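Top line first, the protein sequences correspond to chains A and B.
Every letter in the first sequence is one number past the one before it in numbering that gives the first Met the number 0, and letter 95, counting from 1, is 94.
Every letter in the second sequence is one number past the one before it in numbering that gives the first Met the number 0, and letter 264, counting from 1, is 263.
Note that these hints are calculated values from the structure, not bench results.
Please read these numbers as outputs of a predicted model, since none were measured by experiment.
Using N, Cα and C, we set each Cβ at its ideal position, and we do this for glycine too.
Watch out, some of these pointers could steer you wrong.
Here are the simulated distance ranges between beta carbons [stated by the list, open to error]: (1) A/Lys279 - B/Lys76: 44 to 52 Å; (2) B/Glu388 - A/Ser87: 54 to 62 Å; (3) B/Gly231 - A/Ser280: 42 to 50 Å; (4) A/Lys335 - B/Glu83: 58 to 66 Å; (5) B/Ser132 - A/Glu381: 50 to 58 Å; (6) A/Leu79 - B/Thr268: 35 to 43 Å; (7) B/Asn332 - A/Pro321: 58 to 66 Å; (8) A/Lys40 - B/Gly75: 34 to 42 Å; (9) A/Lys338 - B/Glu91: 30 to 38 Å; (10) B/Glu388 - A/Lys40: 55 to 63 Å; (11) A/Gly75 - B/Ser355: 26 to 34 Å; (12) A/Lys338 - B/Glu388: 45 to 53 Å; (13) A/Ser280 - B/Pro123: 35 to 43 Å; (14) B/Asn332 - A/Gly243: 53 to 61 Å.
2 protein chains.
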Amino acid sequence: MNIPKGFLFSTAEAAIKKPGRRDLALIVSEVEANVAGAFTKNAVKAAPVRLCMRKIKTGKGRAIIVNSGNANACTGKQGLRDAEKIISNLSERIRISPSLAYSCSTGVIGTPLPMERIAPALGPLADGIGRASFADVAKAIMTTDTFPKIVSASVRIAGKTGTIAGICKGAGMIAPNMATMLCFILTDIAVERKALSYALKDSVEKSFNRITIDGDMSTNDTALLMANGMLGNAPIARNSKHFGAFSKALDEVSYALSKLVVKDGEGATKLIEVVVRGAKSDAHARKAAFAIANSSLVKTAIYGNDANWGRIICAVGYSGIPFREEKADIFFNRVKVVKKGLANNKDKEATAALRSKEITITVDLHEGKSAAKVLTCDLTEEYIRINAEYRT
Amino acid sequence: MNIPKGFLFSTAEAAIKKPGRRDLALIVSEVEANVAGAFTKNAVKAAPVRLCMRKIKTGKGRAIIVNSGNANACTGKQGLRDAEKIISNLSERIRISPSLAYSCSTGVIGTPLPMERIAPALGPLADGIGRASFADVAKAIMTTDTFPKIVSASVRIAGKTGTIAGICKGAGMIAPNMATMLCFILTDIAVERKALSYALKDSVEKSFNRITIDGDMSTNDTALLMANGMLGNAPIARNSKHFGAFSKALDEVSYALSKLVVKDGEGATKLIEVVVRGAKSDAHARKAAFAIANSSLVKTAIYGNDANWGRIICAVGYSGIPFREEKADIFFNRVKVVKKGLANNKDKEATAALRSKEITITVDLHEGKSAAKVLTCDLTEEYIRINAEYRT
């Protein structure tokens with residue numbers, strides 16, 4: 000796993016939800032970096048998200064501090080004060096301007112941060128810089144995730160090899176316009192602020208905004224992209240010849256991370272890729288794909304290896320797009336179960352196809368040339384167990 | 000249980016899905032009745048729904064024939080032919096015009112009706128008229144329902160006592176703009192066609208269109224209301240003084256039936272009433288209430304007796320309405336868990352409140368005077384089991 004030059008990491012234990020794990024993490028760039036961000040569209044935004052959204056306007060940053068175990072959401076003015084305290088305390092310790100430090104939180108909503116336990120852990124966190132790896136940070140930010148998520152890619156830029164590496168956490172509350180999702184992507188490639196911001200938004204739109212686990216959109220979703228320029232290339236602008244290569248690599252990292260989030264969806268046993276093609280417009284394709292991906296009945300059928308395509312056609316029917324069932328074909332992986340809206344008598348083959356761990360549901364509307372792809376997972380008893388017992 | 004005058008019933012076994020139960024039912028009015036209908040808004044409509052929608056324009060009817068075990072949806076032209084065959088065969092046997100017979104189906108989507116088993120059962124069905132009760136019909140139309148649903152109400156009209164009685168089936172695929180829901184309401188009160196249609200639409204809007212189990216909207220939803228006038232009252236028009244009393248009783252029957260549907264939601268252990276009040280408009284209140292009622296995270300929390308109000312505030316946040324969390328209060332039954340967007344430290348009392356079988360979640364937005372109420376149920380492992388194994 001290649002990690003971009005000039006980034007250092009630290010983790011510490013603050014026993015935020017419970018003792019026994021490192022639940023604080025710090026990412027520091029050795030030099031000031033350009034920073035871009037994408038945030039939840041939920042009207043309810045956690046305190047740290049509100050602060051991040053203000054700071055990101057400068058487009059500059061040095062550090063990201065993250066805690067898991069508590070979302071610092073629905074915590075009012077105290078939540079904002081707590082987040083600011085953490086930032087100022089830590090900035091002082093690592094000698095950077097507080098305006099260059101971003102904070103993120105994930106976990107339970109509505110409980111104030113246990114500052115009495117977090118504050119004493121900030122010293123060890125600052126002192127530990129360089130002693131942890133990016134993978135350790137990926138572990139520290141997990142909540143109900145069952146594995147850490149880390150991805151990296153290399154890009155040749157003007158004869159040098161730059162690196163883009165990202166981590167994220169997901170699990171539940173995953174829905175478009177992000178997820179209970181924190182994602183931190185770092186690169187040593189120099190990219191101009193506007194180009195960086197454009198590339199991130201575009202990338203998020205094609206990855207994290209195209210996944211859904213339970214249709215719930217969280218209050219804390221944050222993706223931050225830091226480019227510290229330590230590769231020494233001429234900063235990439237949107238019209239630079241290297242912008243395409245950079246964007247492509249960023250897209251790969253984002254998509255791979257978003258796929259890991261879905262694979263690790265709460266209780267998931269299968270990854271489901273929903274493809275709607277032959278639509279009249281991208282918006283139609285997206286709407287239909289999300290209706291299928293968010294249908295509890297579709298997701299439980301896939302879990303049960305049941306080639307119940309009626310639930311798919313039904314979901315397209317209520318998605319709100321004009322739909323002529325008599326033109327539609329449906330596939331489970333490569334098995335065409337529906338031909339022009341009618342059963343194609345391939346139940347046996349379809350049931351066999353559903354036994355794999357990665358399922359592609361393809362609906363061809365035969366109405367036009369637009370397509371959309373959405374990732375989701377199956378819905379299982381384990382999802383219920385996790386979410387019925389999350390706080391207890 | 001009072002049943003309106005002049006309606007007769009029959010049931011028969013056609014072993015549509017499997018043998019051993021009466022899966023065909025017939026309702027016949029002794030005289031021609033006025034009929035109103037409300038149907039699924041899913042773009043995919045089952046064959047019998049399409050036929051019903053055509054016939055209902057006449058506003059007249061004598062008979063309703065229903066089968067469970069097969070939805071006759073996504074069955075193309077054959078589906079229409081099959082539904083028409085059933086209607087013509089049966090109409091001939093009971094000597095009514097086929098234009099006065101409505102057919103309805105519920106069950107699996109995408110499989111043609113087993114006509115070879117249904118056709119021979121139509122004789123016994125016709126011959127059995129008068130030998131079954133309305134409650135027997137309620138049983139025959141069940142799919143994954145665990146109990147039959149029947150409700151009746153009496154109304155004094157001009158010195159006489161009229162009756163409104165209804166049955167329905169529900170269970171899964173329950174979402175606004177109806178449900179996998181068949182509902183048949185009968186009355187001996189004479190009501191003019193337009194008034195009947197208006198009353199039904201209004202009633203459905205306040206009952207069946209305000210319930211959700213899994214957010215999935217079915218292809219077969221149908222509500223039919225037959226008024227045969229055997230009470231002998233002067234037909235009620237919209238401006239009649241009795242229209243209010245009739246509508247009120249109809250609303251009671253519809254609401255009680257819709258509540259039974261939610262109580263019997265697949266795998267449900269609790270009935271959840273979501274009330275959003277203090278909204279700026281009815282549309283805002285409804286949007287927020289449905290966002291809460293459709294949230295898997297809210298539903299699993301209620302199942303787990305977890306007073307996790309963060310998930311409620313989060314759902315309002317992504318519902319699409321303007322939302323100022325700092326004004327909102329949230330209650331579980333009478334326990335105020337959130338005061339002005341912040342924890343009110345009533346977790347213990349709230350957890351105790353959640354142990355009851357009927358939970359009311361109230362969100363007061365303190366923005367205006369509009370309110371909306373939506374009924375739903377909790378989401379449990381049993382829902383997953385039922386739906387992962389439905390066809391197998």
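Tested hints:
{"no.": "1", "hint": "A/Lys279 - B/Lys76: 44 to 52 Å", "in the structure": "25 Å, violated"}
{"no.": "2", "hint": "B/Glu388 - A/Ser87: 54 to 62 Å", "in the structure": "56 Å, holds"}
{"no.": "3", "hint": "B/Gly231 - A/Ser280: 42 to 50 Å", "in the structure": "57 Å, violated"}
{"no.": "4", "hint": "A/Lys335 - B/Glu83: 58 to 66 Å", "in the structure": "29 Å, violated"}
{"no.": "5", "hint": "B/Ser132 - A/Glu381: 50 to 58 Å", "in the structure": "43 Å, violated"}
{"no.": "6", "hint": "A/Leu79 - B/Thr268: 35 to 43 Å", "in the structure": "39 Å, holds"}
{"no.": "7", "hint": "B/Asn332 - A/Pro321: 58 to 66 Å", "in the structure": "43 Å, violated"}
{"no.": "8", "hint": "A/Lys40 - B/Gly75: 34 to 42 Å", "in the structure": "41 Å, holds"}
{"no.": "9", "hint": "A/Lys338 - B/Glu91: 30 to 38 Å", "in the structure": "35 Å, holds"}
{"no.": "10", "hint": "B/Glu388 - A/Lys40: 55 to 63 Å", "in the structure": "37 Å, violated"}
{"no.": "11", "hint": "A/Gly75 - B/Ser355: 26 to 34 Å", "in the structure": "30 Å, holds"}
{"no.": "12", "hint": "A/Lys338 - B/Glu388: 45 to 53 Å", "in the structure": "26 Å, violated"}
{"no.": "13", "hint": "A/Ser280 - B/Pro123: 35 to 43 Å", "in the structure": "52 Å, violated"}
{"no.": "14", "hint": "B/Asn332 - A/Gly243: 53 to 61 Å", "in the structure": "58 Å, holds"}
Checked against the numbered hints given earlier, the structure breaks hints 1, 3, 4, 5, 7, 10, 12 and 13 and satisfies all the rest.
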